[in-house]
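Using the sequences and the hints, build the whole thing.
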Amino acid sequence: MTDIFATPISTSAPSSIFPWEAGEVSVPANTSNASPLQTKSFYSNMLVGDQTTPVWTYPYCLWNSTSNYYGLSVFLGLESDRVFASGTPPQYFYSPIGIQEVVLSSSDFVSPPAFSLQKTSKFAATVRFSSKSVDNSYFECPLVQGMGFVTGIYHNSIPMLNSSVGFASVVGQQSPRGGINKYKITLHNNRVWFLYIALPRGKSVSLALKDSNTIWFSNSVDGAVLQLCSTTDYTGAFFDNAAGCYSTDASISATVNSNICSYALKHNVAGNSNTGESLIFALPHHIPSLDSNTASKATGVTFPSTKGTVKAYSTKVLTMNETLPTSLGFEPYTSLGKSPNYTNNALAAISAAAKKEAVGDVVNDSNVDSMYTSGKILAKYAYVLYVCNDILKDTSLVNTLLPKLKTAIERFTSNSQKYPLYYDTSFKGIVSSAKEDADYGNSHYNDHHFHWGYHIQAIAITSYVDKKNNGTWINSVKDWVTTLIRDVANPSSGDDYFPVSRSFDFYNGHSWAKGLYPSSDGKDEESSSEDYNFAYSMKLWAKVSDDYSMEQRANLILAIMKRSINSYFLYTDDNTVEPKSFIPNKVSGILFDNKIDHTTYFGQQTQYIHGIHMLPITPCSSYIRSPTFVEQEWNQKLNGVINSVADGWKGILMLNVALFDPDTAYKFFSSSSFSNNFLDNGMSLTWALAYCAGVGASS
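FYI, the numbering for the sequence shown is 1 to 699, going by the UniProt record's numbering.
Rather than coming from a laboratory, the hints here were simulated on the basis of the structure.
From the three backbone atoms N, C-alpha and C, an ideal C-beta is built for every residue, glycine too.
A portion of the hints provided could be inaccurate.
The calculated lysine-lysine pairs, modelled on DSSO-like cross-linking and capped at a C-alpha distance of 27 Å, are [to be verified]: (1) 467 <-> 543; (2) 418 <-> 468; (3) 404 <-> 418; (4) 338 <-> 316; (5) 316 <-> 297; (6) 404 <-> 356; (7) 316 <-> 184; (8) 184 <-> 297; (9) 203 <-> 266; (10) 667 <-> 356; (11) 311 <-> 543; (12) 404 <-> 355.
Okay, the calculated beta carbon distance ranges per label pair [unchecked claim]: (13) 186 <-> 87: 35 to 41 Å; (14) 475 <-> 11: 46 to 52 Å; (15) 34 <-> 174: 44 to 50 Å.
What follows is the structure, encoded as structure tokens:
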């Protein structure tokens, strides 16, 4: 079977309508951009600012330390370290940062070493620390998502370990295999770390506790490999059996058989171990989908994280199976098991709304200075067009709206909008010419999947209707859409113009929204719904453009997000992944690597915090947001505030009700007292009524 990630969407240069110029953010002088650079991967903090902000591989927190001690600082937070806000439920919780439990360093470093990223990929980056006083003296640390050990490979450099917590003792242990020395390191906070040292044949090194903050090594050994791991409930056999083998990179592959996708996160490894395997930590959303072979390799080693308990597996590859949402398409969808109920009354109400909205001025309405806002407006009109064509079958309305919508879209596909897009030759991607403080940070790669998703969705629906009416308009916009998808969701390193999967993180199971900005708590995302909206939009485009592999990739991403979002973002009462005291919040708010904060970047109103995880309500919404969750969220958090909401958030919250109670939602939108003030700028009454009826509302 064919690997759906094997072939690039395209290998051609981006369209000439996009000017080529250096972006607002410069690539660090110590990093090569010969290949496209990741802007949203876990290690992106090491590409911005002073390159000292932490990154998270799960469960380890790591950073380039330039104060107190020099090198790679390591911290592993436990549940007892967590800080919760006061209040019930707490607004946020996080683990502390900046605690140098162990620092991989070198006694050659008499001043901060030169720091650089030597190799980068979607899942990994290798960082190098080089002495400024000793020629060719350096060590490298491959940072790979889910890696079991923190590893340093030393070259012409005398190793040294430091700790700001302090070393209480370092004691030699029985070697797990020839060529590997093992030590138990106890810190002053009673935490235990194990150090494994793999040496080339015939080489030796000794170490000693120089003082409470320093473990001194006797000499340099070119090619010496130091591996660190921590434990609270030590299961020695599993760490011992994996010692000597370490991850250097990772990749994804996937095949589809009918509606089942088998996908694998495979680690490239170096070195040798007793089992021939290394350790990989799996996140909670991985575990239910692991195949039987991978599941059998569980070690019992666990650690807490912001995403719940991570579990170590003795393997080089996590293989998982997902059932794909192949039946999800353009038409209204519900997981309630109800059938469409387009009664005469419903059709009359939908038609009345469409006759007003289809004649709207989409060309001028969408002529705004934001790719995000314009995309929402275009998608709103596209759904009106869909309803006119497929549900009302009103040729007159289709003929009225379709040409206007094409014209509005063509402003963007010709790159003649207020802030045209350009190809950033620094990080290699498509960005807005709006400056840093405009359009939600698009120029710094913030929220790209949110922004592009709306535009792709609008064009996919418009192309779908146009094709059903024997049009070929899709051919004139295909290159532009393809370029945006490559920017966000390029499947292959064979595309030299864009990084692999800029936004979606196949390890974490969702996208990250934050772009090229330092963030002390790591990457973050505040809208789970606009995340899956991009994947759904890509699926629609793939369907209308007949791209099988792209559609299956979109299906896989949606299937993964169904698990991850309902583990980390949306909380049913029985959620056991996140802290019990936090579950009554019902939604995460902003999810960071290191923190969950029940808020938004634009305010703390309840409707904001919950609504940003709803919009837009599309056929995909019910696939992700279960009726059980939506009803619990409504009863516990929203029913008490809905009467005080009088703007567009009201419409979003009420259409969300259709995911568990279509009748109530339909009554709201069909009421004679309904006000258009309740419609968000990306929402139409036509679609709201059509969706409610399409998922079985009585009318």
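Structure-based check of all given hints:
1. 467 <-> 543: holds (12 Å)
2. 418 <-> 468: violated (32 Å)
3. 404 <-> 418: Answer holds: residue 404 to residue 418 is near 18 Å, not above 27 Å.
4. 338 <-> 316: This hinted pair is violated, its Cα atoms lying about 44 Å apart.
5. 316 <-> 297: It holds: about 10 Å lies between the C-alpha atoms, which stays within 27 Å.
6. 404 <-> 356: holds (15 Å)
7. 316 <-> 184: holds (25 Å)
8. 184 <-> 297: With Cα atoms ~25 Å apart, residue 184 and residue 297 stay inside 27 Å; holds.
9. 203 <-> 266: violated (32 Å)
10. 667 <-> 356: At roughly 20 Å apart (the allowed maximum being 27 Å), residue 356 and residue 667 satisfy the hint.
11. 311 <-> 543: Roughly 37 Å between the alpha carbons, so the hint for residue 311 and residue 543 is violated.
12. 404 <-> 355: holds (15 Å)
13. 186 <-> 87: 35 to 41 Å: At 37 Å between Cβs, range holds.
14. 475 <-> 11: 46 to 52 Å: violated (20 Å)
15. 34 <-> 174: 44 to 50 Å: At 45 Å between Cβs, range holds.
Violated hints, in rising order: 2, 4, 9, 11 and 14; the structure is consistent with all others.
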